[in-house]
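Colleague: Construct all of the structure, not just a fragment, from the sequences and the given hints.
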Amino acid sequence: MIFALGVCSSVSYFEIKKEIEVTVKEWSEKIKNCASLEELEAVRVELFGKKGFFAKEFEKLKALPKEEKPKVAKELNLAKEQLFKEIQLKKDELLAKEIDKKLQEEYIDVSLLNSKGYKGALHPVMYTLDKIIEYFSALNYSIQTGPLVEDDFYNFEALNLPKHHPARDMQDTFYFKDGKLLRTHTSPVQIRTMLSTKPPIRMISPGAVFRRDYDLTHTPMFHQVEGLVVDKAKKVSFANLKFILEDFLHYIFGDVKVRFRPSFFPFTEPSAEVDISCLFCEGKGCRVCSQTGWLEVLGCGMVDPNVFEAVEYEDVSGYAFGLGVERFAMLLHHIGDLRSLFEGDLRLLEQFR
Amino acid sequence: MIVTREWLQEWIDLEGITTQEIIDTLNRIGLEVAEYKKIEIPQGVVVGRVKSCQKHPDAKKLHICEVDVGDEILKIVCGASNVQYARYVAVAKIGSKLKDLQIEKVEIRGVESSGMVCSSSELGLPKMENGIMLLDDSIGKLVVGKELREYDAFRDEVIDIEITPNRGDCLSVKGVARELGVALKRRVKFPQLDRDNSFRIGIGRILNILPDKSVNAQLLYKAFRSEEFSNPFLIRMRIALVGERFENRGEEFAFYITHSTGVITRIYGYDTFRGEESPLIIAKKDEEGYDCVYGDKKASVVGVYQFDHSKPKIDEAIFVLEASYVDPEEISQKMFKKPIENDWSYYRSGRGSDPRLEVGINYAKLILDKYYKGIELYSGMLEYRKEIPTKVIKIDFEEFNSLIGQELERSSIVEILKALGFTIVNVNEDSMVVQTPIFRHDISNLQDVAEEIVRIYGIDNLNSKPLKFVEKNRINEVYKLYTFKKELRERAIANGYFETLSFIFNDKSFLEKYGFETLKEELDLINPITSNLNTLRTSLIPNLISQTIQNLKNAKKQVKLFEIGSVFDTHRQEKEKIGFIFSGASEPEEVKNQGKPANVTLETFISDLSRIVGDFELKKAYSFNKLMHPYQSAIALNEKGEEIGVIYKIRPDVELELVDTFVAEFDLEKLQRPYPKAKEFSPFQLSFKDLSLLIPSDMEYKTIKDTLKDKLPQEVKRFYPIDLYEDEQLGDKKSLTLRFAIQSDKKTLTEEEISALIEEILALLKNGLGIELR
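In order, the protein sequence lines correspond to chains A and B. Just so we're aligned: 83 in numbering that gives the first Met the number 0 is position 84 of the first sequence, and the numbers increase by one with no gaps anywhere. Just so we're aligned: 522 in numbering that gives the first Met the number 0 is position 523 of the second sequence, and the numbers increase by one with no gaps anywhere.
One should not assume that every hint holds.
Per label pair, the in silico range of CB-to-CB distance [as the list claims (entries may be wrong)]:
# : chain 1 : residue 1 : chain 2 : residue 2 : range
1 : A       : ALA41     : B       : ASP689    : 42 to 50 angstroms
2 : A       : GLY253    : B       : VAL142    : 52 to 60 angstroms
3 : B       : PRO720    : A       : TYR250    : 46 to 54 angstroms
Non-contacting residues of chain A with respect to chain B, defined by C-beta distances greater than 12 angstroms in every case (computed) [claimed, not checked]:
# : residue
4 : PRO64
5 : LEU88
6 : GLU281
If you're looking for bench data, these hints aren't it; they were derived computationally from the structure. Given the structure is predicted, the values throughout are model-derived calculations rather than measurements. Ideal Cβ placement from N, Cα and C applies to all residues, glycine included.
Modeller: Printed below as a string of structure tokens:
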């Protein structure tokens with residue numbers, strides 16, 4: 000024991016050194032066996048405290064012969080240094096263990112956590128409308144709107160649809176007791192815009208329209224986007240109309256074939272309907288395209304001179320087009336039932352999250 | 000407009016052209032094919048002839064027939080009342096399969112039956128008559144035992160075309176054939192009679208016409224005699240394929256001629272015009288101003304309607320065939336102003352029937368000669384005509400080219416127009432003058448002619464090129480509102496709300512029952528589509544509620560919806576609003592809530608709304624509809640104190656199957672606010688002081704807020720409630736703790752300065768409201 004060391008001066012330095020080594024080993028063992036920071040701290044105090052082991056040993060140095068003092072002191076210092084290091088290492092080890100334990104206690108099964116069901120979704124029709132508006136805004140079309148309750152003049156008369164015209168049959172209209180009506184298309188906005196501004200005009204008008212029809216494929220309300228471009232006479236051509244619509248349909252539907260079929264609308268002449276190759280069967284023929292391989296998506300034409308006359312425009316030329324937003328949305332998002340779009344049914348809407 | 004390939008063949012040679020090519024061509028030139036169907040008669044259905052026909056001894060309605068089917072004579076029990084000796088019928092032999100019916104030998108009331116005599120519907124054809132189908136040689140020579148499917152008529156192809164309202168000229172088989180002829184570059188043939196089949200007696204001997212000059216209609220008459228006038232099978236089958244059915248054989252015939260030629264024809268019984276003196280057709284206007292044909296009585300309104308009494312009766316033998324034309328514009332205007340009863344003819348006359356009346360009469364003669372027996376035609380015709388003005392249109396080539404955006408060969412323009420029946424009046428360097436065909440009333444200007452040219456040339460063959468235009472700032476108020484709405488929508492979905500759409504219609508009785516505003520009676524809809532969509536909505540909330548109820552029925556435990564849409568006030572003024580509904584569970588079912596999330600509260604709902612629409616203040620609602628919870632309803636105000644919306648809980652006692660449901664509706668326009676300007680902020684220390692006040696139980700926080708507002712020292716930056724405590728010991732008072740944020744712009748305040756400020760606040764409260772610290 001080192002205690003013996005002080006009293007027995009006859010013991011050789013080598014024996015002392017050996018004894019120190021043994022004692023250090025014992026202390027090392029003690030440090031190693033510490034299970035907690037508290038225990039370790041106790042050992043540290045035992046060793047290095049004011050009344051600790053080393054304090055006492057250095058005290059005893061005084062009793063040693065002069066020539067022995069430095070040698071033993073050196074040994075003691077070495078031992079002190081070593082044990083100090085060991086305590087530090089042990090402390091780091093215990094600290095790491097403790098943090099690790101703390102962290103372990105904070106364990107969460109992340110796969111149990113819910114990251115679903117918090118967000119809502121845009122309505123597919125409105126989302127589609129956003130896409131359409133995005134395209135035309137980027138191509139410098141303005142957006143215009145108009146009232147839903149309209150006058151016969153804006154909805155029909157000015158659009159070359161006089162009261163007796165058989166084409167009025169195509170649009171079964173909701174009327175009010177004071178003679179007003181719910182607009183059957185977004186076209187009255189064309190008239191309103193032409194009456195309130197001067198050409199050139201470059202506009203779209205998105206919005207709700209109404210027809211008295213309610214069955215599997217018709218709802219009394221749906222949404223349209225109407226487009227109108229008016230410029231100087233002989234400036235706007237059918238070729239321009241073809242260009243914009245082909246580009247637009249490619250933007251919306253991707254890589255599809257586009258075809259133009261002659262048709263009739265009272266407010267355009269020449270008029271055409273535009274088809275895209277079926278998105279579901281790539282033109283082979285399926286139930287969605289009624290085996291034709293084509294899907295009708297747009298109506299368009301050069302503005303009829305009678306329309307320009309109704310708004311007192313002279314020496315102008317222009318084109319117009321119109322589309323049904325619900326149809327676009329149904330085709331783009333594979334929605335089978337038109338009526339479901341107006342029911343707020345979460346079983347449908349949640350799919351668009 | 001329904002045509003069949005065989006029917007078209009009568010007018011145009013379709014040899015070597017597939018039906019698919021016909022359909023594609025029609026689509027390409029603007030006659031949109033809506034539906035196509037091929038008639039397919041099953042194998043084993045053959046022509047049979049009834050050899051004998053007796054009543055079944057044990058069943059009143061059944062017949063036992065012996066039917067010759069060529070290689071054998073079959074005994075067949077037949078239930079149809081029209082089965083007759085010697086008639087040709089369609090027989091489904093043993094082993095054949097009709098739709099889902101396998102024909103087998105069966106015993107019917109003790110009699111063995113070896114096959115089935117078929118009706119048209121049993122063969123997959125439209126219903127033609129009550130009972131079995133009686134064949135005749137209008138479909139070709141009848142050979143006993145021959146498969147029905149070997150006859151052209153029974154393997155015909157039916158094409159349904161959507162004719163646009165301007166193309167009255169295509170409402171006939173001949174019209175469609177003419178269009179096909181132009182597109183396919185094939186001549187349209189007019190079926191010719193080899194000989195004059197007129198009877199010797201002139202029509203003038205039996206009938207005369209007395210027209211009034213005021214009549215604008217065109218009329219042409221031919222008469223014939225027939226003891227046994229009945230329409231052949233082929234004609235009746237085609238009419239059935241078109242989807243029509245007529246009780247009167249004369250009308251049936253007239254419809255067939257009209258549908259074939261586009262000339263409106265009618266047949267009158269001769270008795271119609273047999274007055275007391277000489278038989279006379281009187282053409283004059285009626286009291287309403289319609290051009291009419293009279294005998295003793297009004298027989299028909301030209302192009303609109305034929306009265307039943309003037310149709311040939313079953314025992315009549317003299318028939319008067321009429322072809323007529325009225326100006327489509329004139330008749331549709333008249334029908335708009337004074338609508339009267341109308342039949343199949345008005346659909347055509349209003350859209351423009353063919354004015355070439357001879358075509359109709361000649362085709363009728365041809366059909367009578369071909370399919371009818373014992374017809375004796377009176378020679379000559381009676382007529383009343385007025386000249387139909389033709390239209391001459393000048394086509395400026397430059398204008399035409401700029402309209403379509405490219406230059407077309409003049410020769411091809413001329414060729415197309417000629418093929419369409421235009422007459423080229425002259426052509427020079429810059430322009431040409433054309434005369435429109437008499438049957439194309441819809442063409443009146445350059446654009447119309449251009450449409451005809453590009454239609455045939457093919458719109459798909461035209462160039463496409465971008466328009467050069469002048470750049471312009473097109474960001475207007477509508478665009479700004481749109482982007483604002485888009486932001487709102489994005490925020491709403493980020494807070495868990497689903498965007499929904501609903502009709503702008505509501506049930507007026509629902510609105511009235513629950514005390515919503517309604518449209519003034521005199522401004523409401525005349526012709527709603529259903530009674531629960533009989534008025535315009537005055538709020539977004541009723542539809543949100545009904546959609547929520549439906550979702551709850553679908554076992555949804557949480558419903559969060561919003562809609563942006565128009566609503567109307569009692570004066571029908573339109574306003575755009577955003578509406579929200581939050582019903583049921585406040586969050587998804589998950590581990591943290593043990594699968595039992597608490598229901599939504601007003602606090603949750605309001606913090607949601609604030610995240611979406613921005614800051615607002617609330618005050619107690621003072622007027623209620625009958626859905627509103629009287630103690631959880633609020634008016635939302637903006638910073639200017641304007642009302643921007645309403646937020647409320649749905650009363651739990653309304654009969655709407657809703658639990659814990661909150662709704663809100665904001666005025667969209669009032670939610671928009673300008674992007675703010677920054678203010679300087681103080682760099683000095685900010686301290687917080689809490690004051691617990693004893694206030695009357697019924698005092699609203701808003702009262703305190705309003706009292707302090709604008710009066711507080713400027714060092715009090717803001718204040719807000721942080722605790723509410725109620726206790727019996729407090730009696731009719733409650734304790735409300737407010738937290739005040741205090742900061743000077745000039746320096747760090749000392750404790751004494753802060754205490755002085757607190758004293759100032761307390762003085763304001765005491766003097767203003769009489770409230771003190773707890």
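Colleague: Does the Cβ pair A/GLY253, B/VAL142 satisfy 52 to 60 angstroms?
Modeller: Given range 52 to 60 angstroms: holds, Cβ gap about 57 angstroms.
Colleague: Verify this label for me: A/GLU281 is non-interface relative to chain B, using a Cβ-Cβ cutoff of 12 angstroms.
Modeller: holds (18 angstroms)
Colleague: Using Cβ atoms and 12 angstroms as the threshold, tell me whether A/LEU88 really stays out of contact range of chain B.
Modeller: holds (42 angstroms)
Colleague: Examine each Cβ of chain B, and state whether all of them lie more than 12 angstroms from the Cβ of A/PRO64.
Modeller: holds (68 angstroms)
Colleague: Evaluate the given range 42 to 50 angstroms for the C-beta pair formed by A/ALA41 and B/ASP689.
Modeller: holds (46 angstroms)
Colleague: Do the beta carbons of B/PRO720 and A/TYR250 sit within 46 to 54 angstroms of each other?
Modeller: At 53 angstroms between Cβs, range holds.
Violation of the numbered hints given earlier is absent; every hint is satisfied by the structure.
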